[in-house]
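Listed below, chain by chain, are the residues.
There are 2 protein chains.
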Amino acid sequence: MSRTWTAALVIIGDEILSGRTQDKNVGQIARWLNLQGIRLSEVRVVPDIEARIVEAVNELRARNDYLFTTGGIGPTHDDITVDAIAVALGVPVVEHPEARAMLERYYARIGGELTPARLRMARVPQGADLIDNPVSGAPGIKVENIFIMAGIPHITAGMLEGLTGTLEGGRPLVSVTVGAHAPESEVADILIAVQKAHEGTAIGSYPFFKEGRVGSNFVIRAEEEEVASACAEELAEKLRGAGYAPTLGGL
Amino acid sequence: MSRTWTAALVIIGDEILSGRTQDKNVGQIARWLNLQGIRLSEVRVVPDIEARIVEAVNELRARNDYLFTTGGIGPTHDDITVDAIAVALGVPVVEHPEARAMLERYYARIGGELTPARLRMARVPQGADLIDNPVSGAPGIKVENIFIMAGIPHITAGMLEGLTGTLEGGRPLVSVTVGAHAPESEVADILIAVQKAHEGTAIGSYPFFKEGRVGSNFVIRAEEEEVASACAEELAEKLRGAGYAPTLGGL
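In order, the protein sequences belong to chains A and B. Quick note on this note's numbering: the first sequence kicks off at 44 and runs consecutively. Quick note on this note's numbering: the second sequence kicks off at 44 and runs consecutively.
Honestly, I wouldn't trust all of these hints.
To be verified - Computed footprint of chain A on chain B; a stretch qualifies when at least three of its residues, placed anywhere within it, have a C-beta under 8 Å from a C-beta of chain A:
(1) 100-114
(2) 123-133
(3) 165-171
(4) 202-214
(5) 286-293
Unchecked claim - Taking lysine-lysine and the DSS-like style, the derived pairs with C-alpha atoms no more than 25 Å apart in a straight line are:
(6) B/K67 x B/K185
(7) A/K281 x A/K253
(8) B/K67 x A/K253
(9) A/K67 x B/K253
(10) A/K239 x A/K281
(11) B/K185 x B/K239
(12) B/K281 x A/K67
(13) B/K281 x B/K253
(14) B/K67 x B/K253
Honestly, the hints are just simulated from the structure, not real lab data. Note that the coordinates shown come from a computational prediction; the quantities given were computed from them, not determined experimentally. Where a beta carbon is used, it is the ideal one built from N, C-alpha and C, also for glycine.
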């Protein structure tokens, strides 16, 4: 089996912890990572407090191939991500000339002034490269194995677009879903037996209640298409044997 | 100032980390905690792997008043939360007679059988109490300062309902929002000055782009209504002075 590449995500945001804002970045980053052959292995949401960001960043960058952060890179006083990551890495914060040039062009184009607050967005931990931001002026930042992204989901989506194919990864995880109007508790033994019989698979069970009927989607994940498919077929067969009418692709 | 009560949340779920499922529990638990006078101080999303759950639970229960978990308490092989938390606490897993009775009543009522898989949902770490589940048969679990909740958001909502008012907390955090069609980068200095002038407040800045116009909502949080209001009023006044037309309550 090939080596598994992993990433972690630190979400910096009082607004998520207060329940004010619904996070949308976990899902989009997770799905994007899957396509790069990298698995999202942990997410932490921490408040806008430097020590808490430093702790999470240092723990997670050490034990993953990549670390992503979202949030806290805007122009206001509560945007402290760059400073916190510089502290975590033990490097100073410097102005990145290319970032400054990007901001100058952006504000010239939209007819705004490059105020000191906006210039904050040209600050990076020393040694950093920029990640292109096709939506607004302020770039994302790459430093060591850390990718500093925006909090606003469609800006992060644009940054991910530009990073596609640039990170070394393994094989994308393949998933096949089998759905059935079976309560998961009725077929728990079947799931165990089928997963055991197919090495390298993991079967997740996700119950639902839709249109007045109870059912479950069983998601089979594996590194190889054939392994996942063979597992899905045996699961479907066993479910049919137990009196259900399974649907490949899920319900 | 009164003592600050905090809680952390561990989300147990491969389905969140794979990007398959959008979490809805952070927001609802955060908002519910705010009403109990408890602040959500950290969230971790970890995979369905015992050692990872144990690590997160032990780190976060030690440094918060309360720890909530969601996910992994169903009847299938991938539901390992109870076992992991028992390991974290160093206690055995036992069958809770009242939980068994609840499941018996539930399955008798809906005309199902209490299979061994379903009986798994009566297992608790030794010493645990139950949390009522008004939606489906399987109860939540309280053990020491840990609250083990369902992954399915409307079931967790039902469990929270039953816990309302039972946890000791401090003063609920009050928030007041001031909105303006001001780019946050234009008013960054005002935010710093106003926050400094009002001790005990924190101002969050949340930019938006709606109906073709750029603007920001500034959320002022404080423990006391009067403190938050006074801060909001000064902020509104300063924004008016800078040529904007702020709206109390936000945009």
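Take a quick look at whether B/K67 and B/K253 sit within 25 Å of each other, Cα to Cα. 24 Å, holds
What's the verdict on B/K281 and B/K253, does the C-alpha distance respect the 25 Å limit or exceed it? 23 Å, holds
Cut-off 8 Å, C-beta pairs, minimum 3 residues; does the coverage of the region 165-171 of chain B by chain A stand? Since three or more residues must qualify, the claim that chain A covers the region 165-171 of chain B is violated, with 0 doing so at under 8 Å.
Between the region 202-214 of chain B and chain A, are there enough contacts, at least three residues with CB-CB distance under 8 Å, for the coverage claim to hold? violated (count 0)
25 Å Cα cutoff - pair A/K281, A/K253: 23 Å, holds
Does the structure keep A/K67 and B/K253 at a Cα separation of 25 Å or less? Between A/K67 and B/K253 the Cα gap is close to 18 Å, so the pair holds against 25 Å.
Holds or violated: are the alpha carbons of B/K67 and A/K253 at most 25 Å from each other? Satisfied, since the Cα-Cα distance of roughly 18 Å is no more than 25 Å.
How about the region 286-293 of chain B: do at least three of its residues have a C-beta closer than 8 Å to a C-beta of chain A? n = 0 at 8 Å, threshold three: violated.
Verdict on chain A covering the region 100-114 of chain B, criterion of 3 CB contacts below 8 Å: violated (count 0)
Checking C-beta pairs, does the region 123-133 of chain B have three or more residues closer than 8 Å to chain A? The restraint on the region 123-133 of chain B is violated, since only 0 of its residues have a Cβ under 8 Å from chain A and three are required.
Agreement of B/K185 and B/K239 with the hint, judged by alpha carbon distance not exceeding 25 Å: Not OK: B/K185 and B/K239 at ~41 Å, beyond 25 Å, violated.
For B/K281 and A/K67, compute the direct alpha-carbon distance and say whether it is at most 25 Å. 33 Å, violated
Checked against the numbered hints above, the structure breaks hints 1, 2, 3, 4, 5, 11, 12 and satisfies the rest.
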